[in-house]
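Trainee: What follows is each chain in one-letter form.
There are 2 protein chains.
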Amino acid sequence: MTPKAKREIKNADVVVGYKTYIDLVQNLIKPNAEVVSGTMGREVDRARTAVAKALENKAVVVVSSGDPGVYGMAGVVLEVATAEGTRIPVEIIPGVTAATVAASKLGAPLVSDFAVISLSDLLTPWELIEKRLRAAAEADFSIVLYNPQSTGRKEPLIKAYEILLKYRDLGTPVGVVRQAGRTGEKTTITTLSKLLDCEVDMVTTIIVGSSKTKFVDGRLVTSRGYKLSG
Amino acid sequence: MTPKAKREIKNADVVVGYKTYIDLVQNLIKPNAEVVSGTMGREVDRARTAVAKALENKAVVVVSSGDPGVYGMAGVVLEVATAEGTRIPVEIIPGVTAATVAASKLGAPLVSDFAVISLSDLLTPWELIEKRLRAAAEADFSIVLYNPQSTGRKEPLIKAYEILLKYRDLGTPVGVVRQAGRTGEKTTITTLSKLLDCEVDMVTTIIVGSSKTKFVDGRLVTSRGYKLSG
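Protein sequence lines, in the order shown, are assigned to chains A and B. Start counting at 1 in the first sequence, then tack on 702, and there's your number in the working numbering. Start counting at 1 in the second sequence, then tack on 702, and there's your number in the working numbering.
This list has only true hints and no planted wrong ones.
Chain A regions said to be covered by chain B (calculated; three or more residues, Cβ under 8 angstroms):
{"#": "1", "stretch": "769 to 777"}
{"#": "2", "stretch": "807 to 816"}
{"#": "3", "stretch": "838 to 844"}
{"#": "4", "stretch": "916 to 930"}
Computed cross-link-like contacts, DMTMM-like style, restricted to lysine to aspartate or glutamate with a CA-CA straight-line distance of at most 20 angstroms:
{"#": "5", "chain 1": "A", "residue 1": "Lys706", "chain 2": "B", "residue 2": "Glu710"}
{"#": "6", "chain 1": "A", "residue 1": "Lys929", "chain 2": "B", "residue 2": "Glu786"}
{"#": "7", "chain 1": "A", "residue 1": "Lys916", "chain 2": "B", "residue 2": "Glu786"}
{"#": "8", "chain 1": "B", "residue 1": "Lys896", "chain 2": "B", "residue 2": "Glu857"}
{"#": "9", "chain 1": "B", "residue 1": "Lys914", "chain 2": "B", "residue 2": "Asp871"}
{"#": "10", "chain 1": "A", "residue 1": "Lys833", "chain 2": "B", "residue 2": "Glu832"}
{"#": "11", "chain 1": "A", "residue 1": "Lys861", "chain 2": "A", "residue 2": "Asp823"}
Chain A side only, calculated, beta carbon under 7 angstroms to chain B, not exhaustive:
{"#": "12", "residue": "Glu781"}
{"#": "13", "residue": "Thr784"}
{"#": "14", "residue": "Ala785"}
{"#": "15", "residue": "Val798"}
{"#": "16", "residue": "Thr802"}
{"#": "17", "residue": "Val803"}
{"#": "18", "residue": "Ile819"}
{"#": "19", "residue": "Leu825"}
{"#": "20", "residue": "Lys833"}
{"#": "21", "residue": "Arg834"}
Because the hints were derived from the structure by calculation, they are not lab data. We put the beta carbon where it would ideally sit given N, CA and C, even for glycine.
All chains should be built: construct the whole structure from the sequences, respecting the hints.
Mentor: Spelled out as structure tokens, the structure:
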């Protein structure tokens with residue numbers, strides 16, 4: 703978290719967020735601040751609550767981890783604030799997103815072009831997710847997968863694996879990071895052939911290398927083509 | 703910059719980096735620390751210097767902005783450290799990358815799937831860059847362009863524009879951010895039709911919306927499909 707994000711949470715009259723994220727910042731919230739924590743899937747409600755509180759002239763922070771602009775609350779808050787015809791100043795404070803946190807733990811798999819794809823089909827049609835997987839694999843991007851598995855639903859990851867296999871070798875370096883940058887973080891470095899054996903859940907980020915990604919001293923590095931000799 | 707990155711710079715015996723980045727952290731470097739600043743394009747030399755200093759048991763920090771794992775020094779440092787047969791512990795400290803900083807200034811264009819593409823063909827063949835542009839545009843990713851223009855070379859951006867136009871409407875929301883998150887930051891919100899009229903250089907980040915990106919109160923928001931009514 704950046705110093706600016708911490709400062710805004712400390713100054714907030716109201717802190718709104720998914721319960722898991724609220725717990726992560728609990729020690730920053732001032733004692734008399736109002737905390738509105740919600741459950742996953744109630745994003746529009748949380749955005750509405752935040753806008754309503756802001757209309758009472760309160761300093762409101764909506765917590766969304768790691769970067770609110772990457773599969774986070776930034777969009778829905780802006781949409782709700784505008785749909786309700788209000789003119790509340792909304793500031794988006796960027797953070798370190800799971801993709802680059804995971805990359806740092808794995809080595810340097812994202813130093814060349816990459817694509818970020820969520821495997822959750824709650825809001826995006828599965829056909830479009832498949833199309834994006836194929837496009838990213840065929841054009842040799844390093845690929846970051848968010849939300850690889852919902853409770854009890856391994857099918858999206860199995861389907862993604864089958865698509866990736868059409869374009870990538872079985873030996874393609876793959877990294878799996880659970881709870882990137884948080885307590886309980888777990889990092890696995892493996893190959894595409896073993897992807898489905900990895901423990902994966904909704905708080906897991908997966909990075910599949912491009913054809914230029916190799917193992918360097920046990921880590922994933924996508925070569926940018928620098929000449930090391932001479 | 704994260705508190706962890708600041709702490710490591712403060713503790714460093716040696717700070718190595720491209721001059722522009724050294725200037726950004728000058729006030730954090732301890733007075734007796736050695737500073738090795740270099741020019742753009744000498745990445746391998748900088749990595750070698752860093753490894754040599756680390757072999758003298760010095761605490762070395764290689765500065766690379768915004769996230770060293772996104773078109774930054776993380777990969778080349780790991781490669782050089784290993785190529786020289788050393789066993790230096792290398793830690794990558796993630797930061798906030800220009801893509802998400804720019805996104806936060808523009809609204810929320812990256813809350814759904816996105817692709818990150820550098821238009822610099824110094825290390826990547828132009829044909830591959832074109833292939834990635836086409837793939838990302840056809841599969842309806844939001845697209846982040848890094849390094850859109852080198853000194854005096856506008857052709858890469860013109861070619862990218864022509865490719866994007868085949869898949870996106872002229873009215874597609876586009877954001878252009880110079881010096882994202884730094885002094886002198888400049889944000890332009892426009893449409894694809896006016897992309898080539900924008901002032902663009904190597905420190906500019908461009909975000910081209912997907913078909914789901916719209917203007918919301920003057921900002922770019924990619925709709926994730928939440929139902930706002932009811």
